[in-house]
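A.B. asks: Chain by chain, the residues run as shown.
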Amino acid sequence: MNIEAIKSIYFFEMARTRRTLLQSVVSPVISTSLYFIVFGAAIGQRIQEINGVSYGAFITPGLIMLTLLTQCIGNGSFGIYFPKFTGTIYEVLSSPVSMIEIVLGYVGAAATKGLMIGTIILLTASLFVDLSIAHPIAMVFFFVLTAVSFSLFGFIIGIWAKDFEQLNLIPMLVIPPLVFLGGSFYSIDMLPPFWQAVSHFNPVLYLISGFRWSFFEVSDVNPLFSAAIILVFLTICLSVLAWIFRTGYRLRN
Amino acid sequence: MAPIVSVSNLSKTYASGFKALKGVSLDIEQGEILALLGPNGAGKTTLISIICGIVNPTGGTVLVNGHDVVRDFRETRSMIGLVPQELTTDAFETVWNTVTFSRGLHGKKPNPAHIEKVLKDLSLWDKKDNMLRELSGGMKRRVLIAKALSHEPRVLFLDEPTAGVDVSLRKSMWEVVERLRASGVTIILTTHYIEEAEEIADRIGVINGGEILLVEDKTALMSKLGRKQLRVDLSHPLEAIPETLSSYNLTLEGDGHCLIYDYDTSAERTGITSLLAALAEAGVRLKDISTRQSSLEDIFVEIVGAGR
Chain W
1 MNIEAIKSIY FFEMARTRRT LLQSVVSPVI STSLYFIVFG AAIGQRIQEI NGVSYGAFIT
61 PGLIMLTLLT QCIGNGSFGI YFPKFTGTIY EVLSSPVSMI EIVLGYVGAA ATKGLMIGTI
121 ILLTASLFVD LSIAHPIAMV FFFVLTAVSF SLFGFIIGIW AKDFEQLNLI PMLVIPPLVF
181 LGGSFYSIDM LPPFWQAVSH FNPVLYLISG FRWSFFEVSD VNPLFSAAII LVFLTICLSV
241 LAWIFRTGYR LRN
Chain D
254 MAPIVSVSNL SKTYASGFKA LKGVSLDIEQ GEILALLGPN GAGKTTLISI ICGIVNPTGG
314 TVLVNGHDVV RDFRETRSMI GLVPQELTTD AFETVWNTVT FSRGLHGKKP NPAHIEKVLK
374 DLSLWDKKDN MLRELSGGMK RRVLIAKALS HEPRVLFLDE PTAGVDVSLR KSMWEVVERL
434 RASGVTIILT THYIEEAEEI ADRIGVINGG EILLVEDKTA LMSKLGRKQL RVDLSHPLEA
494 IPETLSSYNL TLEGDGHCLI YDYDTSAERT GITSLLAALA EAGVRLKDIS TRQSSLEDIF
554 VEIVGAGR
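From first to last, the protein sequence lines are chains W and D.
Going by my numbering, the residue at position 195 of the first sequence is 195; the numbering climbs one at a time, nothing skipped.
Take any residue in the second sequence, note its place counting from 1, add 253, and you have its number in my numbering.
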């Protein structure tokens, strides 16, 4: 294992976060605060409680997931796409580094950034609402596995994308609707039966539901099922990556 | 001594169907400077990219110091440094960070003293804290060389390293190359500047259309294919070559003001002495005499032309 290389890639990527501190950290904090003001304060006055949880607290896990998914996909894809775009990828490809080490470096950094921002949002949220975490281990499980698997997903997008439009397609167009329709701001019990059924096809519902359960012990679906879904997603991402490594798809062709 | 790089029957066909390499075989000796010459699209960069691990080969094998570049990539890639053709740099990184990154990527523990030496050798030391986007093209090129040398490679590939670099910088880069060779590093370079290959290389390889047309010792190549010309400027123009000189391989140029004599340097007799005597006998008055050896460029054009 080329530990020096993993460290080099990881810290090189983390250095970018330091350089872009304002947009990386401050902007998610501001947007989360806005969500709390708009949803928590304005709409929350009318909804009061869902399943015994105050509305402001209820939406917190969903808000963290929204940012976690977009940040992890964004960082994971940009980290590998940018060297492809500028041409500096030649150096990584000509180094004595296995693809697993490349992934550990890039995806590790992307997941770390996502977790950092997720934690910042959690702390920001605690300024607005009373938060308690009923199952801390389960919370960390969902938090870390979601960050890792969506950073992997982002990495795959970064390898697949041929231009910036493709790079932004999924994080901008696919993820926000899935998160908004995945019960971030409501319980799916509040939807008509038809839309409840449709919601069950949305994988993000399971992530948010499981994550929320770890906080408040309330969920739309069985938390074990949520854990299974995230593990299945992780397995799919790892399988696709294994195929990419074997074939050199869009990297060594 | 076994070759440091051994390429056998290497082929590459891209997804588009383009055959970039068609069964290339080539041995590179330890410690030599090999210049690869070839027109654009000849397959030079593809060949280098496969040896360095950037592109997967379609067929054939490459061994570096006895290790297969695909199977034993860790051994081979840690021995190789690559300076790419394009000026690809991380615009927002500092010179120091980007060179240190390259060393780490090759699995070497940090060694600030070595990085300092490399940067000083390439006259980059005073720029070490500058961002790469602040540097000129020539400096970026030197940064790429510094990155390639950061992990102390035994084999260095320079893919057109002096393209777009001014004359003085080019000279200082060749001095660095000479120093590296003196320290035992094997150097493979591609260049469009044939006079550079002529000046610096030990051996010349010519590649065209995905095939190696020849690989030969530079001096042997020059003497084998090198023709020499004697140019005689005349005081008074001639209308035709005098009968008595017809046995010589002469051509009349410059409206009769100049005689050109082609001769073979490797022949036992060049015929110059007798030609000059014959000219004096024929009453031809000479103004000036000069000789010119055909350059590697002439040879290159001849080989590539014949291959078409």
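Don't read these hints as lab results, they were simulated from the structure.
Hints are not guaranteed to be accurate.
[Said to hold, decoys possible] Straight-line distance between alpha carbons at most 25 angstroms, and here's what the computed PhoX-like set of lysine-lysine pairs gives:
hint: 1; chain 1: W; residue 1: LYS7; chain 2: D; residue 2: LYS272
hint: 2; chain 1: D; residue 1: LYS424; chain 2: W; residue 2: LYS7
hint: 3; chain 1: D; residue 1: LYS361; chain 2: D; residue 2: LYS272
hint: 4; chain 1: D; residue 1: LYS373; chain 2: D; residue 2: LYS362
hint: 5; chain 1: W; residue 1: LYS7; chain 2: D; residue 2: LYS370
hint: 6; chain 1: D; residue 1: LYS361; chain 2: D; residue 2: LYS373
hint: 7; chain 1: D; residue 1: LYS381; chain 2: D; residue 2: LYS370
hint: 8; chain 1: D; residue 1: LYS361; chain 2: D; residue 2: LYS380
hint: 9; chain 1: D; residue 1: LYS381; chain 2: W; residue 2: LYS7
hint: 10; chain 1: D; residue 1: LYS381; chain 2: D; residue 2: LYS361
hint: 11; chain 1: D; residue 1: LYS361; chain 2: W; residue 2: LYS84
hint: 12; chain 1: D; residue 1: LYS424; chain 2: D; residue 2: LYS380
hint: 13; chain 1: D; residue 1: LYS370; chain 2: D; residue 2: LYS393
hint: 14; chain 1: D; residue 1: LYS424; chain 2: D; residue 2: LYS361
hint: 15; chain 1: D; residue 1: LYS393; chain 2: D; residue 2: LYS361
hint: 16; chain 1: W; residue 1: LYS84; chain 2: W; residue 2: LYS7
hint: 17; chain 1: D; residue 1: LYS272; chain 2: W; residue 2: LYS162
hint: 18; chain 1: W; residue 1: LYS84; chain 2: D; residue 2: LYS471
hint: 19; chain 1: W; residue 1: LYS84; chain 2: D; residue 2: LYS424
hint: 20; chain 1: D; residue 1: LYS373; chain 2: D; residue 2: LYS393
hint: 21; chain 1: D; residue 1: LYS370; chain 2: D; residue 2: LYS380
hint: 22; chain 1: D; residue 1: LYS471; chain 2: D; residue 2: LYS393
hint: 23; chain 1: D; residue 1: LYS362; chain 2: D; residue 2: LYS381
hint: 24; chain 1: D; residue 1: LYS362; chain 2: D; residue 2: LYS380
A.B. asks: If a hint holds in the structure, say so; if it doesn't, say that too.
C.D. replies: Hints versus structure:
For a cut-off of 25 angstroms, the pair hint linking LYS7(W) to LYS272(D) is broken: about 38 angstroms separates their Cα positions. In summary, the hint linking LYS424(D) to LYS7(W) is not supported, as the alpha carbons are separated by about 37 angstroms, beyond the 25 angstroms threshold. Note on LYS361(D) and LYS272(D): the hinted pairing is violated, with a Cα-Cα distance of about 36 angstroms set against a maximum of 25 angstroms. Distance check on the hinted pair: LYS373(D) and LYS362(D) sit about 20 angstroms apart at the alpha-carbon level, within 25 angstroms; holds.
Distance hint between LYS7(W) and LYS370(D) is fulfilled; the C-alpha atoms sit about 23 angstroms from each other, no more than 25 angstroms. A C-alpha spacing of about 20 angstroms is found between LYS361(D) and LYS373(D), which places the hinted pair at or below 25 angstroms, so the restraint holds. Between the alpha carbons of LYS381(D) and LYS370(D) the distance comes to roughly 12 angstroms, so the proposed pair stays at or under 25 angstroms and holds. In summary, the hint linking LYS361(D) to LYS380(D) is supported, as the alpha carbons are separated by about 23 angstroms, within the 25 angstroms threshold.
Of the pairs offered as hints, the one joining LYS381(D) and LYS7(W) holds, with about 21 angstroms between alpha carbons and a cut-off of 25 angstroms not exceeded. For the given pair, LYS381(D) sits about 20 angstroms from LYS361(D) by alpha-carbon distance, which is consistent with the 25 angstroms threshold. With a C-alpha separation of about 24 angstroms, the suggested pairing of LYS361(D) with LYS84(W) holds against the 25 angstroms cut-off. The suggested pairing of LYS424(D) with LYS380(D) holds, with an alpha-carbon distance near 20 angstroms, which does not exceed 25 angstroms.
With a CA separation close to 17 angstroms, the supplied pair LYS370(D) and LYS393(D) stays within the 25 angstroms bound. A hinted pair counts as satisfied when its Cα atoms are at most 25 angstroms apart, and LYS424(D) with LYS361(D) does not qualify at roughly 30 angstroms. Between LYS393(D) and LYS361(D), the direct Cα distance comes to roughly 23 angstroms. Compliance with the 25 angstroms bound is thereby established for this hinted pair. For a cut-off of 25 angstroms, the pair hint linking LYS84(W) to LYS7(W) stands: about 20 angstroms separates their Cα positions.
Straight-line distance between C-alpha atoms of LYS272(D) and LYS162(W) comes to about 23 angstroms, which keeps the hinted pair within the 25 angstroms bound. Straight-line distance between C-alpha atoms of LYS84(W) and LYS471(D) comes to about 38 angstroms, which puts the hinted pair past the 25 angstroms bound. Annotation: proposed proximity of LYS84(W) to LYS424(D) is violated, straight-line Cα distance about 32 angstroms (limit 25 angstroms). In summary, the hint linking LYS373(D) to LYS393(D) is supported, as the alpha carbons are separated by about 15 angstroms, within the 25 angstroms threshold.
A threshold of 25 angstroms between alpha carbons decides the hint, and for LYS370(D) with LYS380(D) the separation of about 13 angstroms falls inside it, so the pair holds. At roughly 31 angstroms between alpha-carbon atoms, LYS471(D) and LYS393(D) are farther apart than 25 angstroms, so this suggested pair is violated. A C-alpha spacing of about 19 angstroms is found between LYS362(D) and LYS381(D), which places the hinted pair at or below 25 angstroms, so the restraint holds. Between the alpha carbons of LYS362(D) and LYS380(D) the distance comes to roughly 23 angstroms, so the proposed pair stays at or under 25 angstroms and holds.
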